[in-house]
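Chemist: Dock chains B, C, D, E and F against chain A, hints included.
Residue numbers (the numbering used here), protein chains in the order written: chain A, 1 to 256; chain B, 1 to 256; chain C, 1 to 256; chain D, 1 to 256; chain E, 1 to 256; chain F, 1 to 256.
Treat the hints as calculated values from the structure; they're not laboratory data.
Just so you know, even glycine gets a beta-carbon here, dropped at the ideal spot from N, CA and C.
Take every hint as true, because none was put in to throw you off.
Which stretches of chain D does chain E cover? Using the computed rule of at least three CB atoms under 8 Å from a CB of chain E, they are:
hint, stretch
1, 76-87
2, 102-111
Some chain A residues near chain F, calculated using beta-carbon distances under 8 Å:
hint, residue
3, Ser-13
4, Ala-17
5, Ala-39
6, Pro-68
7, Thr-84
8, Glu-98
9, Arg-182
Here is what each chain is made of, one letter per residue.
There are 6 protein chains.
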Amino acid sequence: MTQRPPALSHLTSAEAAESASRGDVVLIPLGALEQHGPAMPLGTDTIRAEDICARVAARLSGGVVIAPTLPIGVSPHHLAFPGTVTLTTTTFAAVVREVVLGLHRQGWTRILAVTGHGGNNATLTTVAQDLLGSHPALRFAWTPLTAVVPDVVARAGVSKVHGHCGEAETSQMLFVAPHLVREDLAEPGTTRPDELSDLARLARSTTYPALSLRYDELSANGVLGDPTAASADLGAQIVTTATDRICDFITRWSAI
Amino acid sequence: MTQRPPALSHLTSAEAAESASRGDVVLIPLGALEQHGPAMPLGTDTIRAEDICARVAARLSGGVVIAPTLPIGVSPHHLAFPGTVTLTTTTFAAVVREVVLGLHRQGWTRILAVTGHGGNNATLTTVAQDLLGSHPALRFAWTPLTAVVPDVVARAGVSKVHGHCGEAETSQMLFVAPHLVREDLAEPGTTRPDELSDLARLARSTTYPALSLRYDELSANGVLGDPTAASADLGAQIVTTATDRICDFITRWSAI
Amino acid sequence: MTQRPPALSHLTSAEAAESASRGDVVLIPLGALEQHGPAMPLGTDTIRAEDICARVAARLSGGVVIAPTLPIGVSPHHLAFPGTVTLTTTTFAAVVREVVLGLHRQGWTRILAVTGHGGNNATLTTVAQDLLGSHPALRFAWTPLTAVVPDVVARAGVSKVHGHCGEAETSQMLFVAPHLVREDLAEPGTTRPDELSDLARLARSTTYPALSLRYDELSANGVLGDPTAASADLGAQIVTTATDRICDFITRWSAI
Amino acid sequence: MTQRPPALSHLTSAEAAESASRGDVVLIPLGALEQHGPAMPLGTDTIRAEDICARVAARLSGGVVIAPTLPIGVSPHHLAFPGTVTLTTTTFAAVVREVVLGLHRQGWTRILAVTGHGGNNATLTTVAQDLLGSHPALRFAWTPLTAVVPDVVARAGVSKVHGHCGEAETSQMLFVAPHLVREDLAEPGTTRPDELSDLARLARSTTYPALSLRYDELSANGVLGDPTAASADLGAQIVTTATDRICDFITRWSAI
Amino acid sequence: MTQRPPALSHLTSAEAAESASRGDVVLIPLGALEQHGPAMPLGTDTIRAEDICARVAARLSGGVVIAPTLPIGVSPHHLAFPGTVTLTTTTFAAVVREVVLGLHRQGWTRILAVTGHGGNNATLTTVAQDLLGSHPALRFAWTPLTAVVPDVVARAGVSKVHGHCGEAETSQMLFVAPHLVREDLAEPGTTRPDELSDLARLARSTTYPALSLRYDELSANGVLGDPTAASADLGAQIVTTATDRICDFITRWSAI
Amino acid sequence: MTQRPPALSHLTSAEAAESASRGDVVLIPLGALEQHGPAMPLGTDTIRAEDICARVAARLSGGVVIAPTLPIGVSPHHLAFPGTVTLTTTTFAAVVREVVLGLHRQGWTRILAVTGHGGNNATLTTVAQDLLGSHPALRFAWTPLTAVVPDVVARAGVSKVHGHCGEAETSQMLFVAPHLVREDLAEPGTTRPDELSDLARLARSTTYPALSLRYDELSANGVLGDPTAASADLGAQIVTTATDRICDFITRWSAI
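The shape of chain A in the complex, shown without the other chains (with noise of 0.2 Å):
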């Protein structure tokens, strides 16, 4: 297997069969088809799913296969923009979960869903969450991007308003699909917490209580951030260590 890359999508059913019998992790790239700003695709969090999967085989260079991507998620925050499209958490839930079972069927043991869009999480948990009760014995685990790295996003310093299409995530695009982003059309979304409605401003200044809103109740551009200050460099970054760390998770749970 070492010449073919590791798409189960592109091994034989034999292939299949070995690569559950050795043990492999099933990666899974989860993303999302929602507005991006004026610059960046609908979609960008698949895009990076699948990217930083493909850097996580090719540095382990063994040990994992990298199942078909699920690229509609959940999105309804970002509707009122053009082009966005949503499951609902239930479908998505019920997608993931035949898919996570139907790969523990044929024999993996350790999946581990990678998604793109922070929008996906709370399903992936409850879907873990039902896992646990249904099937004590399968482990399941899911990570998100940008949030493997804090510190490293934070220490680039970002906007004081940051998110949804602001430095970091136009900065990973910079350095994974650079020809995707039309930087011409790159322009700040909202930045500064003054610029906020006196609502969007109370949802965005505590962690809890929380209150999800509409985007298009944050930032007239669908953007939060300056993605007019992203880098490549700073997209290298936090793609190169958010694929360290994801491999030391697996090469440590391979390792169990």
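Modeler: Relative to the frame of chain A, chains B, C, D, E and F by itself:
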């Protein structure tokens, strides 16, 4: 309403109409029925949620009404311990969604779910997401308890491995319901990483990747941390500060 | 356990294990959040259910444990009146089924749901039916309150049109929670067939065919019967006799 | 339409439009496929439901139309006996709801489900409840058969333990479909309380608390009562009186 | 059983047990309640399904038993025409799956659904697929009617645009239920491509891509083809040949 | 957009808005993750679906946009072979429906699902049916691949038993993704009826009655037909002709 407790279930239909038209915030206490170690009762999370809702209502003296408690939550990770009863995340989400939409149908527009149980958090987030898609004008927020005051807990100093039934939670119970804590039976649970299995240590070593384990894989007695080091004093700090912050949130919210 | 109230949520995990292995009957109080006329609170049905469970437990002094109350039921017929919140029958059934099966998984084998709200009866029956198919060995029973003592009510003499918030229900509240009844606001509802519309008279004239109407089609103030004719005395007769009969049932059941 | 039977399935689309605009009441016969002892067929409940719908239609000679029969109902309590097939209450409810709403969409506003099987009653009630919430203007009623004439049955005198396949039900079949009754095979089932197990006696001793048992816990041959004491005469009284009462209900309903 | 019709609903429980242990094939007639043009009844598909099941059973004289008819199917494409009632595909699938699994639970292992309505085909296929995954040993087959004998229809010569209520279907009804066909009202529907709208012509021009249209987009009177060219003779050929082929299938199946 | 590939996930939100208002047809590639014999990869159906969508888009040079691929389909018949992962038809239908309605909500009105996997066909039909009922104005079409060109396959001459992984499918892969075909491992599967079991021969002998079998009942290596007789040439004919026909359909559709 000043003399009567602001329990929605204690209001007449006419009083409920007034509360809704007055713009009251509805608090929904959410708990769990799950093991809480040798010394604390199964309803610990429910008791703490109800207690803080009462404190918030008392402090604000008006402007909030407390919906009936939903006493069973999402607890599959505790099922190996006697007495634990869980809902699936699908059913828990359905109940919360129908209650929130039912309140909205009767005229309330700001609803804050208050959960004493962290296992409910992810499902509450998925409900909030789905409501953003289906009812973009409804304002639904939710909050945990201890996680509102991480600074207070950190300042107090707790075990290296700390969490369920640990110093922070036991202290709260010693403050709000000491008669339900069997201090004579309290004993430390897992308190140091070296007491954990390799898998449990891995799971606890990172925020992300997130690997959920059953509690019987984390602790023999269902406890993370040292309840014998708990104190009503620390409980008072946690509860009082959390009450302050939730009241502050509601005050700002109600003013918008 | 003699000194401590037999609330499941107040037991520790170990005490719950003992309760299950001792063969305790689990009582589940079920209520509603719905209009109860000008004088009674929205939670009237929940309050009465919790009260009778406590009386049953006190009378039997052992052998029963009380699960957390499920305070929202099936009340679509009252939705035109403020404050009423309902679950769909599907969601109500799901909650009851998961709670009953969750208790069964933890070792209890006899479970008695006690509903203060007649609107829950049909769904409880469907849950019992489905459980007969899926778990033929589990023993699940349920009971209403007032309908346990139709003879007591008949003997007392009530309005020709009588039911929700009428003499029987108001009397119970005057006995068990008089501080929550606003007697000054009590007023008769529909009490005679000639006050009903033709459709309502038809619907009330037969047990079968059964034609369900909304309560705003039956009564202007949501009341059927005359709450001003209620008395704590009648309430005591109803509650005490119902307690007797439910205790008798449990005693016989536990002995088999 | 006078010469043609008022079966909806026999009408053309144009005739259906006329029926709806004329304000016809739609009857939906509901049955079951379940054991009916040694002498009666699995479809007994369906046969009786279809028969009474035809009688009602004949008697009224206009103003009603009969929808297709739904021949499988809720029968989990009979599953231990060969031939019994049940739907879950969820699926049965979904079918009834979609059929009722489908008829309503085509213009009918009064719909009466006629069930030959008591096991369907609770689910029909839940459908009626949910429709009150979602379609407050639709008029949906339902009726059982034997329970419409409890006085006739009481007057006839039946076994102390009486019910499924007993004197009342067998008599109806002897009247409406004698060729399907194997009188030579008829034999008494459980007829006296002292033949019941303690648990079964408890379950039968009260209306409430309600404890549902499987039929194989109640009777060795699936019969409650004595079918050998049945007569076509009693069947005629039951069926004719029930027809009268249902016709009376429809006549009054149609006039409102 | 030779003298009695092989209707499952007419068998006693004991006879059902014999049928299952004898290895009978169970036929399930499936129909629809939908517009069939000016001349044919809403239940046309149900009538034809029941008819052919009876013919198959008569021909084979043993070895099959006929389950109760499911008379409402999947007909959303006809909803613009009065009288049409449809189930969602989800509910139709649930009913079929529960009936099939219910029969299997009672011992039958070969089940053949016979649908008179082509709109049911896709859902039957999805049920068969899901059963392959969940019950790999159960044998579930299904069959349409007219599509079993495309050669007979082709030989007869039909309109260029032909289908619902056309020569083939009307002929069958003239053969099996002539008293339900209002020949005086029969009139051609859409019979030539040039009568179709551009969209409808596109939709009819290819098997794939498949573009489903509503019937009111295809034909003003709900008819495709010319029912006035139908004949009982052609109906006899279609029905008899289809009966032959289904019998042949069952005979071979039963012998394996 | 001329230089950029018409992948929806590569468009910005503003470009998506333009695509929708321009009236673009959205293509949704649908595949499967299932065994494809000894020589072809698990993702064969997905690969072919994505390939033909790209060809169609390239040929039309405008007027279409390609949604993200849904890479897991309905494959329960292949579960006995390693690597196969399936969704239930219910979940697959939910995903397709939510994606189609999500695209519709964002302004697209013509949507064409392109499935490389025949096992998805029935569920796609059910989705189309339900959408006709709930969204009568939406235009949703779907197409398989090989079944668009049955004449090309027939002309080529294939094994008597032919299908999954046979000459036609393998040829397509040799044309579109030869680097993923392990020709050295290719071997004939079941190619003649006399190699089939009696049951399999029966199942394959008729279109209707339709009897679905598991693939391990049809072929030891999961192959029907002879992949060693495949050729890139035949693949080119199949793919090119299918592309032509789908483009022709879209061109006509877009012009209406």
